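2 protein chains.
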Amino acid sequence: MNEERKNWRTLSSHYVVKTDFLSLRSDRRQAPGMGSHDFFVLEYPDWVNVVAVTTQGKVLLIRQFRHGMEEETVEIPGGMVDPGESPMAAAQRELLEETGYKAGKIRLLRRVSVNPAIQTNYCHLYLATECSYVQTQQLDGTEMIDVEDTGVQRVLQMLEAGEIHHSLNCLALEMARPVLVALGS
Amino acid sequence: MNEERKNWRTLSSHYVVKTDFLSLRSDRRQAPGMGSHDFFVLEYPDWVNVVAVTTQGKVLLIRQFRHGMEEETVEIPGGMVDPGESPMAAAQRELLEETGYKAGKIRLLRRVSVNPAIQTNYCHLYLATECSYVQTQQLDGTEMIDVEDTGVQRVLQMLEAGEIHHSLNCLALEMARPVLVALGS
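In order, the protein sequence lines correspond to chains A and B. Each residue of the first sequence is one higher than the one before, counting from 1 in my numbering. Each residue of the second sequence is one higher than the one before, counting from 1 in my numbering.
With the rest of the complex left out, here is chain A:
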């Protein structure tokens, strides 16, 4: 790439919205030969997703109402990394809070940028195994989550049929597929 053309310089920047849940920034930027343009940027903390397999070889799925698509979805556990928290600690915490299960082992599958065009954050995808039920769920005021421990074959069917359709969940499950297939056979 012509090095000149990626030298976007920020002329001005302001927050259109800034809350605990969403920060939307508007930046006016200029690059040589490109003129000046406004770009929206969504600032989010990093996120985590967890493919969690129980000591019984089942996958933990969660069912909840999602306000973006206004429908009940089937997803894997996940959430936001808290300030000062490591992504791995966040994955373990979200798994525990949303399902009551504690991971025996946990490893990173991959770190991806959620959407570098419009967002600032990464999502860290984990595989937790040997998960065991240790406590009741701890949900916040707007959460109502049903937990389902589901056989591996059924989970892969749900993935392929589009019943599990959240893009970040699909990526984590595709990356965990070799492990899941080995468990399910």
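Just so you know, the hints here were simulated from the structure itself, not pulled from any lab data. The reader is advised that the hints may include incorrect statements.
Going by beta-carbon spacing under 7 Å, a handful of chain B positions derived as facing chain A [said to hold, decoys possible]: (1) 6; (2) 20; (3) 37; (4) 109; (5) 113; (6) 114; (7) 116; (8) 119; (9) 183.
Lysine to any residue pairs mimicking SDA-like chemistry, simulated, CA-CA at most 25 Å apart [to be verified]: (10) 6/A / 137/B; (11) 18/B / 38/A; (12) 18/A / 179/B; (13) 18/A / 27/B; (14) 6/A / 117/B; (15) 105/A / 137/B; (16) 6/B / 54/B; (17) 18/A / 105/A; (18) 18/A / 11/B; (19) 105/B / 18/B.
This structure is a prediction, so every number in the text was calculated from the model and none was measured. Heads up, the beta-carbon is just placed ideally off N, CA and C, and yes, glycines get one too.
Assemble the complex: chain A is given as a structure, and chain B must be docked to it using the hints.
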């Protein structure tokens, strides 16, 4: 799930931002036993991404500056579905505009929701094969895209090393992996 608890009723709704590039809605919603809460919803048109393989067996990657993460990224071609356009037509159009290549064959790998918690849209992931160069790029005023036709082995390395890190790109490439591996061997 308790059926009652997913009966979120919208009490009020307004647009915080409504432009050609971004529509941010704020909905105040109430559910039995949950009280009333404000939810932000990002309305977007559907998106498309294309894993494109040339007649020479190379994968088309694009390099561009991305304003969300403020860095140059390596991605696969993609973009927004225009009003009245089919996702497949959008995939073919975006491939042509961004790279100048026309797909010989194209098929849907999977349709996923981008993020059902906060967004309204789907992303349609395609695999285009037998792509041939037919015209020069057609870019809009803020786009400056370098196209690279890259060997399959190198693309898979870039994916695994996190050099290609856009989550939707990673999912499309993981889904196309069996085809890519077959091509690369």
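Do the hints match the structure? See the list:
1. 6: Status holds, d = 4 Å.
2. 20: Cβ of residue 20/B sits 11 Å from chain A, so the hint is violated.
3. 37: 5 Å, holds
4. 109: Where the cut-off is 7 Å and the nearest Cβ of chain A is about 11 Å from residue 109/B, the hint is violated.
5. 113: 5 Å, holds
6. 114: Where the cut-off is 7 Å and the nearest Cβ of chain A is about 5 Å from residue 114/B, the hint holds.
7. 116: 4 Å, holds
8. 119: Given a least distance of 5 Å, the restraint on residue 119/B holds.
9. 183: 19 Å, violated
10. 6/A / 137/B: 18 Å, holds
11. 18/B / 38/A: 14 Å, holds
12. 18/A / 179/B: The hint is violated at about 44 Å.
13. 18/A / 27/B: 16 Å, holds
14. 6/A / 117/B: Roughly 33 Å separates the two Cα atoms, so the pair is violated.
15. 105/A / 137/B: At roughly 48 Å apart (the allowed maximum being 25 Å), residue 137/B and residue 105/A break the hint.
16. 6/B / 54/B: Between residue 6/B and residue 54/B the Cα gap is close to 47 Å, so the pair fails against 25 Å, i.e. violated.
17. 18/A / 105/A: 37 Å, violated
18. 18/A / 11/B: 22 Å, holds
19. 105/B / 18/B: Given pair residue 105/B, residue 18/B is violated - Cα atoms ~37 Å apart, limit 25 Å.
In this structure, the earlier hints numbered 2, 4, 9, 12, 14, 15, 16, 17 and 19 are contradicted, and the remaining ones agree with it.
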